[in-house]
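Taken in sequence, the protein lines are chains A and B. Sequence positions in the first sequence follow full-length UniProt numbering and run 1 to 346. Sequence positions in the second sequence follow full-length UniProt numbering and run 1 to 346.
Fair warning: there could be bad hints in the mix.
Straight-line alpha carbon distances no greater than 35 angstroms define the calculated DSBU-like cross-link-like pairs of lysine-lysine that follow [claimed, not checked]:
(1) 297/A / 273/A
(2) 182/A / 36/A
(3) 273/B / 273/A
(4) 135/A / 273/B
(5) 297/A / 135/A
(6) 36/A / 36/B
(7) 36/B / 135/B
(8) 297/B / 297/A
(9) 182/A / 207/A
(10) 297/B / 273/B
Please keep in mind that the hints were generated in silico from the structure rather than gathered at the bench.
2 protein chains.
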Amino acid sequence: MAKTGIRQLADHLGISIGTVSRALNDRPDVNPETRKRVLAAATDFGYVPNQSGRSLRQGTTNTIGFIVESGTDGSGSNDNFFLEVFGAIQHVFARHNLDLVVLPCSTDEDPLHHLQRMVSRRIVDALIISATRRKDPRISFLADAHIPFITLGRSSTPGPHPWLDLDFEGVANTAMDRLVAKGHRRIALGLPSNDINLGFLLLDGYKAGLERQEIAFDPALVLRAASSEQGGYQLAHEVLSMGNRPTAVLLVHELMAIGLYRRMNDAGLEPGKDLSVIGFRESPLSRFLIPALTCFKLSLRDLGQALGESLLATIPAYAEHYPQGTVRRVWPMELVPGDSDGPPRM
Amino acid sequence: MAKTGIRQLADHLGISIGTVSRALNDRPDVNPETRKRVLAAATDFGYVPNQSGRSLRQGTTNTIGFIVESGTDGSGSNDNFFLEVFGAIQHVFARHNLDLVVLPCSTDEDPLHHLQRMVSRRIVDALIISATRRKDPRISFLADAHIPFITLGRSSTPGPHPWLDLDFEGVANTAMDRLVAKGHRRIALGLPSNDINLGFLLLDGYKAGLERQEIAFDPALVLRAASSEQGGYQLAHEVLSMGNRPTAVLLVHELMAIGLYRRMNDAGLEPGKDLSVIGFRESPLSRFLIPALTCFKLSLRDLGQALGESLLATIPAYAEHYPQGTVRRVWPMELVPGDSDGPPRM
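Same shape as in the complex, but just chain A (with noise of 0.2 angstroms):
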């Protein structure tokens, strides 16, 4: 029965082309019921509908990527991140038969020649890039193909293009005056190695911050260490090594807090009273952490949906739905304090 039609289907059934058609392209206006029942008898009879076919005659594939990182260097990134994030774009994807692909980059590879051949094999519609770079010619590239695109994250790149961007600046302000109005007056920064955007907004905002409290800005006081357990454990060890030991740090990850816990464990002193520590993202970890991590939540469902609504607004199929227009949105964060924090020690 391996060429088993969509008429055959119907016949078996005793219902029309149109809502086998439609159960199986799980549109919503089939009752669930019937749609079960044409799964199952699809799955009975073998039949598997030609995508490939069907790709050519509407040069669409029905999926869209989203490219993250992936890699053997134990970098710490954190992708239970993305798998929330992944859920709630599945959510609103799934109101149009579209189906989110995650096209993971090595770090052995370059991310533009990777997205080359991404968009060469032709498997998805639209992308969603993530990891944005200061500069990022990811960027033009997808411009230039006419890929419909986000990108979550902002860049120096221009382009036409939507994004959404977590305000890493606004994190960065809120988290000085905090530790100034606590009685710090050496704050350090723990910013990631490589050159991912993020990095550039929070010093902005760190500096900021600084400049609004009439502290000056002392470049000594600016670390990059890896976003993981051990980037933390290695700022926090750098830290301590400092003459004039600062009193407190912002993190640019939560992982970092605990490598930064267990450093400060071995010397014999305690986060939050003989260094006090600002995470950046609230996730399980932070809350369960001891002391718990000051922090900064942002609901990961919300943004999710944010993301996949906004670059299905940019899609002419999918615009009606969509008024938005092009969506440029730096995310709130709120702050969630916790225990590690503490005034600095007279």
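Since the structure of chain A is provided, determine the placement of chain B on it from the hints.
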């Protein structure tokens, strides 16, 4: 120049069409400098090979899918695990101009339904599926559909497919021997709350370990919780509330240790002294936790490489390079002693 073809590119560069084609297809037999020139020219001239057309002609997409679970339930599935495995698989696939795409299955959706849709989209030539269940209908579906696949995880659903799986029984046996040797007799087991197959394997190993040590199995010591920080917190709460409290616990996921440590700290108790803990997989986390978590390590790079190669070994076009046949292999894990599992308090 939107209609630039491969001939125009070859003319422009003054090289043969064959070389251009090999460069564009990432074949190994092209000088790296030439490849760079070809790719640059292809980008400049807006050349995009029509993958959909190729796919119809050759019957292949040159992409292989890896199905993982996504979701917005914060269940803490640990995908740092996956990103490292992906990197290693990509390394294998790159030898053959194959790309890895990740197909996240939302926790809202039935995994079989998701798989059927992915297959019907024809975006991949072969599949890697993970999080296998005790009975897993995806296995018979893929076998019936004649799609090459490998599972990361065993199942009681039979099938002719290759699989790799971590040595859950071995981990449980080693942990039990170690804890009993330290004087523990009442040892709890923290299992996942769903019907993922690894929970059954871990329970088998736990029971075998008890039997060898001539300790009676007590079902009250088998606890179930989410594989997350929150799950570990709840599990610790349950353990601390027990009348005849166990003196040690083996956890199915290392993330649970964070919540367990927190709950013990809240109760004024010390992990490793008041309750001994052995985690599952060694990760940067385990090393930096205080106290360091006793756990088990494996090379994710080696595991990913074996997954990729074992899959290709079952695909006719690649089998000559991988003569290992149908691989069905339990992957060993090695004890990493930490400070979290001292002897019981007298």
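message: Under the constraints set out in the numbered hints, which ones does this structure not fulfil?
response: Per hint list: 2, 4, 6, 7 violated.
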